[in-house]
Structure formats: C-alpha cells, structure tokens
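Construct all of the structure, not just a fragment, from the sequences and the given hints.
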Amino acid sequence: MAKILITGAAGGQGHLVARLAAARGDEVVGVDRVPMAGFEDGTQVRAYVVDLMRRKFEDVVRHERPDAVVHLAFVRHFRTDLATRHKINVAGTRLLLDYCAEYGVRQLVVVSSAYAYGALPENPSYMHEDFALNVSRTYPEVRDIAEVDTLCSAFLWQHPEVRTAILRPVNTLGDSVHSAIGGYLKQSYVPTILGFDPMMQFLHEEDLARAILLSVERKLRGIFNVAGPGAVPLHVAIEQVGGTQVPLPEVALRPIVRRLFGFGLYPVPPGAIDFIKFPCTVSDERFRAATGFEPRWSLRDIFERFRTERERSAA
Amino acid sequence: MEPARHLRALPDGARAQRRLRTVDATRLPADASAGEAAISWLLDLAGRLAPGVFSDIDREIDAKLARLPSRVGEFGYDPWGFSPAAFRNPLRLLALLYRHYFRVELDGGHNFPAGRVLVIANHAGQLPADGAMLIAGSILDVEPPRLLRAMAEYWMPTLPFIGTMGCRVGAVVGTKQNCEDLLRRDEAVIAFPEGVRGLNKTWDKRYELQRFGLGFMRLALATDTPILPAVIVGSEEQAPALANLAPLARLIGAPAFPITPTFPFLGPLGLLPLPVKYHISFGAPLRFTGNPHDEDTIVERMVGEVRGAMMDLMERGLRDRRGVFF
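As given, the protein sequences belong to chains A and B, one line each in that order.
Heads up, the first sequence is in the working numbering, so the first residue is 1 and it goes up one at a time.
Heads up, the second sequence is in the working numbering, so the first residue is 1 and it goes up one at a time.
Source of the hints: derived by calculation from the structure; they are not laboratory data.
Where is the CB? At the ideal position from N, CA and C, for every residue including glycine.
Take every hint as true, because none was put in to throw you off.
So the derived list for chain A, only partly shown, Cβ under 7 Å to chain B, looks like this: (1) Y126; (2) G195; (3) D197.
Here it is, written out as structure tokens:
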C-alpha cells in the first residue's frame, strides 16, 4: 500500500486521517509542530515533531519519499496573531508544494475550505468549484484560506506530474476537530442575527477523513467541494445540538464582537458574522461523480453525536 | 449509518422526479419570526371579521400542500430553504386574497407541463400582487398543484425577516446558477421579463408589454425547459400610477415612487391595491431549441414569440372580462 505523509497530524482531523489510513494498511508518516497523541487502538504512525517552515521538514520529505501527501497543517483559529497565522498557512503551503514537486510525490490532497467562497447575499444556493473565492471581501482575516487555495490551484496546473486534489469541505463537526463552527455551536446561548437564518451544510469529521483518503485512492486531480448530507437553516442546527438561540440585532452584535475580539475575549473577528447571516453553501456534484462518495453520517446523526459529546463534557 | 439520501444537497436531475415526495405541512413552524407573527395577526383579524372564512381555505390548503412536490428533508426544509410548514400561513393569507379580494379566475391550468417549466408572466400594478396571485393560483387552481419559485432581487437576503421569509416560501436569489439548478431539478420557476419596467409603469401605458429581458430565454435554451406564457388581467387597475417621481425614488433608493389616486395621499393605507378582479390565463407551453449563447438578435426573435403569445392571451383576457371590479 501507499506511504502517506500527513501534515498537521497532531490536529483532530489529521489524527483521524492517520488512523483511518493505517487501518487501510497504508504506511503513515505524521508531521506536526507539536507531538502527536498516541492511538488507543495501537495504530502505528511514524511521527515527526517538526515545523513546516524549518529546514528539517525538507529532510523528512527527502528521507521518507512519501507517495502521497495530505496537507492539513493550517492555523484555523485566531489565538496566534494574524500575521503569523497568514505566514504559517501561506508560506508553509508554498514550501510543501515545492517539496512535493522536488521529491517525487505522486498524489497531493490539500484540505482547503468552502469558506473560501465567502458568505455573501448574492451567492447562489449551491456554488460550484469555478465560483470566485470572495471571502476576503467581507472577512479579510481569513484571506489566507483563499490564498492557499489559489496557490495550490496554480500548482495543480504547473505540476501535472503531482496529481493534486484541492478539497473544499463545508462546516465540519465531530469529537476531534476544533472548528470555529463547532465552538460556536457548543455555546449554551448561541448569538444569532435577528431576522437572519441562513442555510448551512454540515459534514462529519469521519466522512471528511474518508473523503480525503478516497481522493488519495482514486488519484484525484482537480478542485472539489465536499458537502456532506445536506443543508438546514442555522436555527435548526442550534436546536438540534441542544443550544438556545439568542437573536441580537446586527447593529449591536457587530460592535460587541469587534470589541471582544480586540480584547481577546471572543474567538472570531466580526467578519465571521456574515457566515451566520448569508449562505455559503456549495454543490458537491463534482466530487460525488468523481469518487462515488456518500456521507455515512446523516445530519441527525451528526447533531445527536455533537449534543451527546457536549452534554458529556459539560457534566 | 444510513446516509440521508433525501437530504442530499442536490439530487441528480434525471432521477430527481423519483425523489419528489409529499410533505406533512400541518405543523406550525418552530421558528416563527416577526414576519410570520405579523401574518398570523392579519389572519386572526380576518378570521374575526369574517368568521368561518378559513374553514374551507384551510381544508383546501392542507390538501394541496400535502400534494405539493418538494424535496423536503428530515428537518422539513428543501435544499433551497423552502419549508411547507413556514409556507402555510403566508399561503392562507394569499388564498384569502385570491378567493375573496381579487376573486381570481384562472384558466389554462391544464397547460402546465410535468417537470421543469419556466412561467413567464406580465408584471404590473406597482406592488407585485400579480406574482403572489400566480403563486397562489398554481397551488389552488392547477392540477396537480405546483410551487412556483420566484427569482428574487440580489438584495433580498440582506433584508432581515423578509429575506428569510422569502427563502422559506420558495424564492431564491435570482442568479443564473440558482435558476439553472432549479430547472435541472424539475422545479417550476416564475420570471417577469419586464421587471420593474412593467411593474412601475404609469397608467397611460397600461396593458402594453414593456421591453423583455433575454436572460430567461437563454436559461430555457440551456436547460431545455418549456416556457409557459402567463397573463394577468386586472393588476393594471389595482394601483393606477398617474406619475412616477423618479428623482424622489432615487433619493430613497426605491425602484419607483408612484403617485396613485390613493398613494401617498392616504399614507400607508394607500399602498393597498384596489379590489380589482384578476383573470389569470396560461397559454400553451412553448418549446425552443438553440444555442443559449447566441447573438441577441436571434434570441430576441424567440423572446418575440413568447411576447406574441402573451399579447394574444392579454387581448383575449381584456375582451372577455366584464369589468374591472367584477
């Protein structure tokens, strides 16, 4: 079976992909800035504690010569300052792309995000992959998502010998991932914008892990949305995970979030508000057609699991 | 775990028809918002003023809603956000207006083709009551009932409550992509190619079809969709505009500022359309083939055919009606 190198392997999603790949019989190499937690089921992963921006990472790629690389090493939170976040995500990806071309990697899977399209009022209900990446128009703090995506799309055409798949998954929930949307839904009282209730898509982390490995297996090349089982209005998601919706007028919500974020008391900047105001929903027809992918987790299952986990951690 | 097939974002076009299922729309929505509260207040008022007025309407609506084809998932929403439960009260209000205010007469409902269809209608009367009555009529007086999906202005989602309500009753933002997606999935879409040119025209231009946009024809060609011409006679007289104060409209950012016998002199009450009688007629479906990206002159010729069919319908409607209010 293939040798797969996973960047960001200590993160929730990386850990999951590593376990799943090892279970399939792949040889797994994990790379992260922090040590990887062990696996309860005895999964064997060769782990390196190394920063993508350091010389040593090149040595790892040179020495390991992986067949496939799954790129998950992204800073998605705002606990580091914006400049550092941007540097790690964009410059880190640039280096990784160079190494992939240099050391004969045959398959690359980059996990981008459907957020790259941005949440705008004029968005069609189901955006296709060739839709413009507009996120920086209203949410400049996460423009690195669009930049990484663009960098990889250019690489996809410049280096046909490295089969590159760029996945743009929707809101991902699960026990291991720490997504902004997960943090948002975990609150007991969930602030929403009065009068707005956009459709949202959710995907379970295990289904995303399967989608990533399916991309490796099918030697996928191109850009693909990964959308999960469907869409519901935001208030349904909040209800289903056991939260209480607190609708606030936007004129109040925006300045409050801006101040709190400025003082480091709120996890996301005000630009994130657009994602609970306007839809950012995508069509996954292309991915399903290319891979035959079917999510195993229904929305009800995703929400129920989330609710159970959150009640358990509260107790 | 079994994947929720019926909730798939966009079921494949060719097999979509199989997946249509009926819904239980008798529950009230859990997410009643201010807009919905306003509607139920109006309904309450109507029920009090005319006791028993809803007994027939409700029975009819529930029967029709249950037979409305839609792709509603396990939480009661279709992939575009339409919710039969949230639609019920607005539809009761529309049905009340349809039966007792505009006393709509509808003919040609049998012309609706099965599957995808693009309903092309004239637009008049300052407020889009004609669109609302077409939507109500296609559920109440068309067999089998069809949900017409309105293509909303780009700014609809920016309006609190109204944007959400629009989405719940089946409207989508009027992008090319949305329209194509809906048609490819065999939905019925309604479009007014005159746009505000028709809606906000003044009294002297009544029953003159204004210039048609070409976008609808290009979409019909791209998706191989039959066009169903529809004409509403009556809406022109609901709010006869003597003048349109365009500079004032620009100042407040509205598409028009009409002066009618009742508006603005009677204040907000003047917005109420006069109780004219509506006649809706659907013509035979028209099918076109060609290159959706062809030159304007070629597409214009096809649009001209639709416009001609609508002019015939309009002439007949005007000839056959007994009066404006009866």
